Amino acid sequence: MIINHPLLGPRDAAEFVYLGDACLIDRPDWQAEDAAGKFHEYGYLRDNPAGLHQELWYHEQGDRSWLVVTRDTLTHAISKVELARDVARARGRGS
Amino acid sequence: MTQANRLKGGQIDRDTTLNFTFNGRNMQGHPGDTLASALLANGQRLVGRSFKYHRPRGILTAGSEEPNALVQLRTGAHLEPNTRATMAELYDGLTATSQNHRGSLEFDLMAVADLLSPFLSAGFYYKTFMWPKSFWEKVYEPAIRKSAGLGSLSMLEDPDIYDKGFLHCDLLIIGAGPAGLSAALTAGRAGARVILADEDFATGGRLNAETMDVDGMAGADWAAQVVAELNTMDNVHLMTRTTVYGAYDHGIYGALERCTDHLATSGGKPRQILWRIYSRRAVLAAGATERPIAFGNNDRPGIMLAGAVRTYVNRFGVTPGHELAVFTNNDDGWRSAADLAAKGVSVKAIIDTRDAPAVMDVPGARHIRNAAVVNTVGRKGLRSITLTDDQVIDVDCLAVSGGWSPNLHLTCHQRGRPVWDEGLCAFVPGRDLPPGMAVAGAANGAMTLATALSEGRDMANAQIKELGFKASRKAAPKAEDEPQECAAFWHVRQSKSRAWLDLQNDVTVKDVKQSYREGFRSVEHLKRYTTLGMATDQGKTANIPALAIMAECTGKSIPETGTTIFRPPYTPIPLGALGGRARGKDFRPTRLTPSHEWAKNNGATFVEVGNWLRAQWFARPGEQGWRDSVDREVVMTRRSVGICDVTTLGKIDIQGRDAAEFLNKVYANAFGKLAVGKVRYGLMLREDGICYDDGTAARLSDNHFVMTTTTANAVLVFRRLEFARQCLWPDMDVHLISTTDGWAQFAVAGPNARNLLRKIVDANHDISNEAFPFMACGEISVCGGTPARLFRISFSGELAYEVAVPARYGNAMMGVLMQAGKEFDAVPYGTEALGVMRIEKGHAAGNELNGQTTALNLGLGGMVSKKKDSIGSILSERPEMNREDAIRLVGFQPVNKADKLTAGAHFINRGDAANMANDQGWMTSVAYSPNLGHSIGLGFIKQGHTRKGEIVRAVSPIHGTEVEVEIVPAHFIDPEGERLRV
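Protein chains in written order, with this note's numbering: chain A, 1056 to 1150; chain B, 104 to 1085.
These are computed hints drawn from the structure, not numbers from a lab. One or more of the hints may lead you astray.
[What the hints assert, rightly or not] Now the stretches of chain A that chain B is said to cover, found in silico as 3 or more residues with beta-carbon under 8 Å:
id : stretch
1  : 1069-1080
2  : 1089-1095
3  : 1107-1119
4  : 1123-1134
[To be verified] No farther apart than 25 Å at their CA atoms in a straight line, the calculated lysine-lysine pairs in the DSS-like style are these:
id : chain 1 : residue 1 : chain 2 : residue 2
5  : A       : Lys-1093  : B       : Lys-971
6  : B       : Lys-599   : B       : Lys-483
7  : B       : Lys-969   : A       : Lys-1093
8  : B       : Lys-970   : A       : Lys-1093
9  : B       : Lys-776   : B       : Lys-971
10 : B       : Lys-568   : B       : Lys-581
11 : A       : Lys-1093  : B       : Lys-768
[What the hints assert, rightly or not] Chain A is nowhere near these chain B residues, computed Cβ spacing over 12 Å in every case:
id : residue
12 : Gly-467
13 : Asp-524
14 : Ser-1032
Model, not experiment: these values are computed from the prediction. Where a beta carbon is used, it is the ideal one built from N, C-alpha and C, also for glycine.
Generate the whole structure from the sequences, applying the supplied hints.
What follows is the structure in structure tokens.
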């Protein structure tokens, strides 16, 4: 596979390490009412879509960026690659 | 007489004679020959024995689809089994032997299997070798493996070199036949970067095997002219002997180049190269494969595919026989017959299954229409054929053509499904091709030469246009449309003898019918029940006829019955090529510690720790074994001072305004209030609350920390810190860099540690106990200005420091430390002594941080701060992980001090049976303590913290040991920690 790194251009997937669903960005609030339940969901429950999947890849053999890659699990077609930091901020994780 | 079967002509160099041997017999051939063509030239029809029934077999094809003619090439360590004779280029001195027989090839003792064939039909193994169960592994399987099979390995290490490489192009063209050459010419002239790959050593494909004209010249001459032009183009990379074997994601193709297989020796060069080709677009022009027809005893040497016979005659100047017949269901069989006759080969009859007039005039050949071959005679070589009307024709070669199947394999590699073409009686590529791929020529069902040439041009034009190149307006090369009508005909129903479909796995028409009767009717079941198409040729010649027979049984059409799709690789890839250079010591990188040279020169024995080589102990003359050395290192360190290279521990430099807050997030314990110039032990949890890693963080300034991790997790901790920084807290002002390789770090431990260091630390740095107490850190200089860092931390439990210098000074630093330590009898110590001392001190390490244990289990429960948000803190509070009877880390010592303890032993209360129900915990680490004079251990046991003094049994059924042990505090040495603080 080839991942089109937003800063570095097309790169072979072998340069990356895969982590999993980009929902791992959405770490719950530790002081939330039902923090234990929310952390349980965060830690253990994943969707397994046949189709578009947002997932985290780490450019370990490169610039050490964490990326959010939108990949079709049926075809491996990659429709979008973003810096995970930008996605995290867009999801409200910024200060 | 040698080469009795040579004809005139062919693309071979008759001026040069190559000598080779087959089963020890001397034979001759010429450059341009394959082993198969040379064997046929020498009249060798019998070349091997079949997989299951040990039937005599010959050469069926002239290409990579060959199921039969598998031989062993070369000798000694270079021996390679299962090589297709049709793909092996002849070289002077080649040695080939036949395989899968006991005794000689001609009198195979295992041929008795053929007589037993009524008992060996499909599913035989499943039905027969069921009972008794224990016999399978020890009796049945070894016996079956020995009697069935292919070649055997040399059992020596492969002496050849294999390499891997990467290539990039605009357009990859797979196959250099008429369509591929036409495509390459079009794209090459337009300026696109083209890779043109072909598995053959000659370019031209069918043009070399046939006698058709292109642009008014002989096809082979046209191909040579095109190749000459392509060779002048810098943007075209022509790769022969290169099989593109797989179509992977995003335009990546796998290819195997056989660089030196056609030479007597590789001359130290890589034998084969596995290429990864990055293409923007691709054209598959892989041609087509001829199919056989199934009839009684259709597997005899001398029965070949018609197109292959044509290839041997035209390209290699060899006739496989002297009296031939052609058996066909299509026009192309007639074209083969005509080519043979034109070369003066006697074609006695053309047996056409169709009730139709002659397609063309073939001199000397009788046209027998509406007929078929039902049986053949000639055990080790064809002698005669019998037709449906019982007439017998004496022939020594039968050329069979059952029509052609497009080589669409690569179109299926991303789950593309072929579609059935009724007119061609074949599957053609479907619409769901791998992205970026187009198919041209016979691979696309364009079976005539003229359409192949024009499709090659058109597909290349369409592909490069999408990439922004200007399409060529030049017309495609001209050729005539040869006749190519075909009528579906798969097997001869009147045949009573066995009719073979899959020659490599010995699957017959009867097996397919039996599979149907026994309910294995889907293609996938048929494959697995009969092993059809599961041999090394992947059923290239067998699958479609078998599918047709299954369709006949079920009364459905072929597309309704199904199709098998293909997986990579197109043809077998040697494991050596997949491994490349990653073998032996080069399997993975070896990392050396900065003081490796010093250690090597001072008697170190090394141990692999991940990728690292670390000194395990330093033997001295007179020591009787490793225990002597390790005991000495421990005793002398605790008595005076010892030095150990601890560079392998991960080091992460953490800087930024939010660095302290960041550490608060990633460590379970608090770091916000750590003073500058101080170090703190840190415990990292996983988000699920289990312990992940431990280490220290030293605060060098308000915004600057240095973190250490365990050796094993150095890379992983760094990865997860980057995750925390970028994904979880993206606005924190914090930056990370791994400095594991940047600094050489040495533990200096023992009562004389400070005395030793004082001799090398520059005088302006006060390292007295008052100025530099336990858990202090600082940036200092040593040896007169060399920058260094000093940490007063201890893994051994002694007064200890870790001193770090830039890695390039590491080896020298080890020498300096040892020189300075001479007056104190300083010793270097290795990982074993390190381990003994940490067990004596009760420190947890990898055996305790095993991915199953919590802070509570480790006795560190109090460290997990509940007043802040840190990774793992919430889920570490789950009730199940905080049970009253949770296991706790404690020490163990044998009741009988002479007993040795065993790591991995489980604890059982006295009087209980030693079973899992009574399991109390397990021993994680053991060592012989030279300071205590007996074996000691650490381990987890239920409620261990409340059971001090209790005696339990440490039972290890694996080792067959059982020892009574006393539960003791984990700190065997200096439980109050006084030595650390002096």
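Against the structure, the hints:
1. Counting residues of the stretch 1069-1080 of chain A whose CB falls under 8 Å from any CB of chain B gives 4; the rule of at least 3 is met.
2. For the stretch 1089-1095 of chain A, the stated coverage by chain B holds: 4 residues have a C-beta nearer than 8 Å to a C-beta of that chain, and at least 3 were required.
3. Coverage of a stretch by a chain is defined here by at least three residues with a beta carbon nearer than 8 Å to that chain's beta carbons; for the stretch 1107-1119 of chain A and chain B the count is 4, and the condition holds.
4. Under the rule that three or more residues need a Cβ within less than 8 Å of chain B, the assignment of the stretch 1123-1134 of chain A holds, with 4 such residues.
5. At most 25 Å may separate the alpha-carbon atoms for a hinted pair to count; Lys-1093 (chain A) and Lys-971 (chain B) meet this at roughly 17 Å.
6. With a CA separation close to 20 Å, the supplied pair Lys-599 (chain B) and Lys-483 (chain B) stays within the 25 Å bound.
7. Pair hint Lys-969 (chain B) plus Lys-1093 (chain A) holds up; C-alpha atoms about 17 Å apart against a cutoff of 25 Å.
8. Taking the CA atoms of Lys-970 (chain B) and Lys-1093 (chain A), the gap is about 19 Å. The hint holds against a cut of 25 Å.
9. Among the hinted pairs, Lys-776 (chain B) with Lys-971 (chain B) is consistent with the structure: their alpha-carbon atoms are about 13 Å apart, no more than 25 Å.
10. Restraint check for Lys-568 (chain B) and Lys-581 (chain B): the C-alpha separation of about 23 Å stays at or below 25 Å, so the hint holds.
11. Of the pairs offered as hints, the one joining Lys-1093 (chain A) and Lys-768 (chain B) holds, with about 18 Å between alpha carbons and a cut-off of 25 Å not exceeded.
12. Every CB of chain A lies more than 12 Å from the CB of Gly-467 (chain B), the least distance being 56 Å, so the non-interface label holds.
13. With a closest Cβ-Cβ approach of about 25 Å to chain A, Asp-524 (chain B) is found to remain outside the 12 Å limit, as its non-interface label requires.
14. The claim that Ser-1032 (chain B) is not at the interface with chain A holds, since no C-beta of that chain comes within 12 Å of its own (minimum 40 Å).
Violated hints: none; the structure is consistent with every hint.
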